[in-house]
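Visitor: In case you want the letters, here they are:
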Amino acid sequence: GDSVTQTEGLVTLTEGLPVMLNCTYQTIYSNPFLFWYVQHLNESPRLLLKSFTDNKRTEHQGFHATLHKSSSSFHLQKSSAQLSDSALYYCALRTQVVGQLTFGRGTRLQVYA
Amino acid sequence: AQTIHQWPVAEIKAVGSPLSLGCTIKGKSSPNLYWYWQATGGTLQQLFYSITVGQVESVVQLNLSASRPKDDQFILSTEKLLLSHSGFYLCASTGGAAETLYFGSGTRLTVL
Numbered sequence: 001g002d003s004v005t006q007t008e009g010l011v012t013l014t015e016g017l018p019v020m021l022n023c024t025y026q027t028i029y030s031n032p033f034l035f036w037y038v039q040h041l042n043e044s045p046r047l048l049l050k051s052f053t054d055n056k057r058t059e060h061q062g063f064h065a066t067l068h069k070s071s072s073s074f075h076l077q078k079s080s081a082q083l084s085d086s087a088l089y090y091c092a093l094r095t096q097v098v099g100q101l102t103f104g105r106g107t108r109l110q111v112y113a
Numbered sequence: 001a002q003t004i005h006q007w008p009v010a011e012i013k014a015v016g017s018p019l020s021l022g023c024t025i026k027g028k029s030s031p032n033l034y035w036y037w038q039a040t041g042g043t044l045q046q047l048f049y050s051i052t053v054g055q056v057e058s059v060v061q062l063n064l065s066a067s068r069p070k071d072d073q074f075i076l077s078t079e080k081l082l083l084s085h086s087g088f089y090l091c092a093s094t095g096g097a098a099e100t101l102y103f104g105s106g107t108r109l110t111v112l
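Line by line, the protein sequences are chains A and B.
My numbering applies: residue 1 is where the first sequence begins, and numbers increase by one.
My numbering applies: residue 1 is where the second sequence begins, and numbers increase by one.
Take these hints with a grain of salt, some might be off.
Said to hold, decoys possible - For each label pair, taking beta carbons as the anchor points, the in silico distance ranges come out as: (1) B/5 x A/17: 36 to 44 angstroms; (2) A/84 x B/82: 34 to 42 angstroms; (3) A/15 x B/52: 46 to 54 angstroms; (4) A/17 x B/82: 37 to 45 angstroms.
If you're looking for bench data, these hints aren't it; they were derived computationally from the structure.
These figures come from a predicted structure and were not determined experimentally.
Each residue gets a CB set at the ideal place from its N, CA and C atoms; glycine is no exception.
Chain B on its own, in the form it takes in the complex (with noise of 0.2 angstroms):
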């Protein structure tokens, strides 16, 4: 079974400042993996997806980007981080049947 690995678990940033969160899958080789994010009592929303190393489609930017530099490994960061960027992000990968999406336990961001 696949296991999504992300972090940090949580983070406090100042407005302004760079930003990276980082999620790693195992047990599944050449994943789909996407980024979603939540904000505080708000629905899911899809961010980026990817398919392969090097390859990433982004569905809402939102001032964020991107990268896929391993084929288990899926970066999100922004160089100048806003207020609105706050909320919980979540990465997630499909497997099984019907490409099922499961997620990460997920990096709670904070920002002052």
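Here chain A stands alone, though its shape is the one from the complex (with noise of 0.2 angstroms):
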């Protein structure tokens, strides 16, 4: 089945860093759409990216992912922190319209000052 990895749990920064969360994917399907969710404290889940076209950079309220088919990836990264980015991200894939929307299990960044 399909999978989404996201290999950092928690990534501490610096404000002002360069951030980068990774994601990788499983599937068998050639045209997945992956998308990047940002959760706030005690709030829910919101869009932050979706991208579904390879090699094409998306951006949205400074990040940016290019989704990459060759190396299964849709990293996400932003070139300065602020301290208003720490939030739980979440990585997802979708392979077909009805039915499921696959998660990573999240990675939570904490930017201090």
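Grab the two chains, each in its own frame, and use the hints to assemble them into the complex.
Guide: Take a look at the structure:
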């Protein structure tokens, strides 16, 4: 079945440093859709980024990610972390319209001053 | 744009008591609907999904059940709560390009 791997459970950074959260996936389908969701404390997850074209960079709110089918990856990056970026980040995979969106286990990003 | 309303916002219940959580979708006809659960500090766990009225598929039961009595309504329930049911319950619906998943604001359940 489909799977999403987020290797880091917790990433801690000093404000101003670059952010990179890893996401790799496995699927037999040739046209996957990948998403990043962000969940702040006591809130529900909200969509941050989505991409469904190979090697195309997608950007939103200072974050960016590029889907690389060759390496089955969709890493989340930001050039300079802010305190307000502290949250739980989920990578998710969709390969068919109906039924399941496969989530990774999530990476908690903690940004310190 | 679709909106997802969940009720109640929070519940404190006793072990062994019944539970009913609700979710209403506005702005999209015949939505695909989902229930997710998140233990405190834990990851998202899909519980159920439904693509049409009266049809619900279970992913992980956790001694819970779900029903879809109307096109725009999804209900999560149990007759007997366990301590392990505590957590954050999220209703979600798909929409837009690539059927993106959108979440409601959630219900925080504490079982004592």
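Visitor: Give a verdict on every hint.
Guide: Verification of the hints:
no.	hint	verdict
1	B/5 x A/17: 36 to 44 angstroms	holds, 39 angstroms
2	A/84 x B/82: 34 to 42 angstroms	holds, 36 angstroms
3	A/15 x B/52: 46 to 54 angstroms	holds, 48 angstroms
4	A/17 x B/82: 37 to 45 angstroms	holds, 43 angstroms
Of the hints listed earlier, there is not a single one the structure fails to meet.
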